[in-house]
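Participant: Sequence:
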Amino acid sequence: MLWVGTSWKMNGTRAFAADYAQKLHDADLAPIVEAGIQPFIIPSFTAIDVAAGILTDSSPVIVGAQNAHWEEKGAWTGEVSMVQAKDAGAKIIEMGHSERRQYFGETDETVNLKVKAALREGLIPLVCFGESAEVFEAGETVEFITSQIDAALDGVVDTSRVILAYEPIWAIGEHGRPPEREDLARTFSVLADRYVGRVQAILYGGSVNHDNIKDILGIEGVGGLFIGRSAWTPEGYLKNLELAAETLH
1 MLWVGTSWKM NGTRAFAADY AQKLHDADLA PIVEAGIQPF IIPSFTAIDV AAGILTDSSP
61 VIVGAQNAHW EEKGAWTGEV SMVQAKDAGA KIIEMGHSER RQYFGETDET VNLKVKAALR
121 EGLIPLVCFG ESAEVFEAGE TVEFITSQID AALDGVVDTS RVILAYEPIW AIGEHGRPPE
181 REDLARTFSV LADRYVGRVQ AILYGGSVNH DNIKDILGIE GVGGLFIGRS AWTPEGYLKN
241 LELAAETLH
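Here this note's numbering is used: the first residue of the sequence shown is 1, the next is one more, and so on.
Quick caveat, the hints were computed from the structure, so don't treat them as lab data.
Careful: at least some of the hints might be erroneous.
Straight-line Cα separation of at most 30 Å, DSS-like style, residue types lysine-lysine; simulated pairs [what the hints assert, rightly or not]:
no., residue 1, residue 2
1, LYS239, LYS23
2, LYS23, LYS214
3, LYS9, LYS239
4, LYS116, LYS23
5, LYS86, LYS9
6, LYS73, LYS86
7, LYS91, LYS9
So the derived label-pair ranges between C-beta atoms look like this [said to hold, decoys possible]:
no., residue 1, residue 2, range
8, GLU235, MET10, 18 to 28 Å
9, THR13, GLY197, 37 to 47 Å
10, GLY139, GLY53, 39 to 49 Å
Each residue gets a CB set at the ideal place from its N, CA and C atoms; glycine is no exception.
Can you build the whole structure from these sequences, using the hints too?
Facilitator: Structure (structure tokens):
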């Protein structure tokens, strides 16, 4: 099975979410699912309930949240708990994204707390990790990212529901550049050796588009895709799903 999803970041109103989710709901996703694709979308917080209300359990598309706190409740102004995210309709919780680490003080330690909290609530932790351009150019990618992953999974007895998402910081965003295939293959070879069989899937994210999606999915160890702007329209996302399904035929 390949997990193919998208996070909208801070984009999209509730009306946008309703339109997006309805188009996914109305699309014939049976061939996608039968091919072995698990679709998921992660809207902004204000739109989770809208998307989840349309993409109910009868839909194969899972809805997630971009963040949630590790405490169940309390004096954490501006935060949302795992319980609250779940109540809104989220089944996946994204955590550890480089933007959260850079701008909001997320650390390996807080990611670990979030992994444990998500699992306690029966949610799927989606753990993002990735190195900077400086780390990559110094040839220290493997050491850096495995340190992030091991810290995130520290003390977690059963990691089988965890999804990992490798997103090199230099490859994501509007000005990101796709990695060379051999670099990605080398990294995923290590990730597969260390984590396949321990976690649910290992995804790749960073400058994924309709032109390179098949090539990326052809790399051994890549268990799916976590896509940005090429999936920010329902049409774009559906095209991504179709292309991913074609790699499994």
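Participant: Could you run down the list of hints and mark each one as holding or not?
Facilitator: How the hints compare with the structure:
| no. | hint | verdict |
| --- | --- | --- |
| 1 | LYS239 to LYS23 | holds (13 Å) |
| 2 | LYS23 to LYS214 | holds (24 Å) |
| 3 | LYS9 to LYS239 | holds (20 Å) |
| 4 | LYS116 to LYS23 | violated (34 Å) |
| 5 | LYS86 to LYS9 | holds (18 Å) |
| 6 | LYS73 to LYS86 | holds (13 Å) |
| 7 | LYS91 to LYS9 | holds (17 Å) |
| 8 | GLU235 to MET10: 18 to 28 Å | holds (21 Å) |
| 9 | THR13 to GLY197: 37 to 47 Å | holds (41 Å) |
| 10 | GLY139 to GLY53: 39 to 49 Å | holds (48 Å) |
When held up to the earlier numbered hints, the structure conflicts with hint 4 and nothing else.
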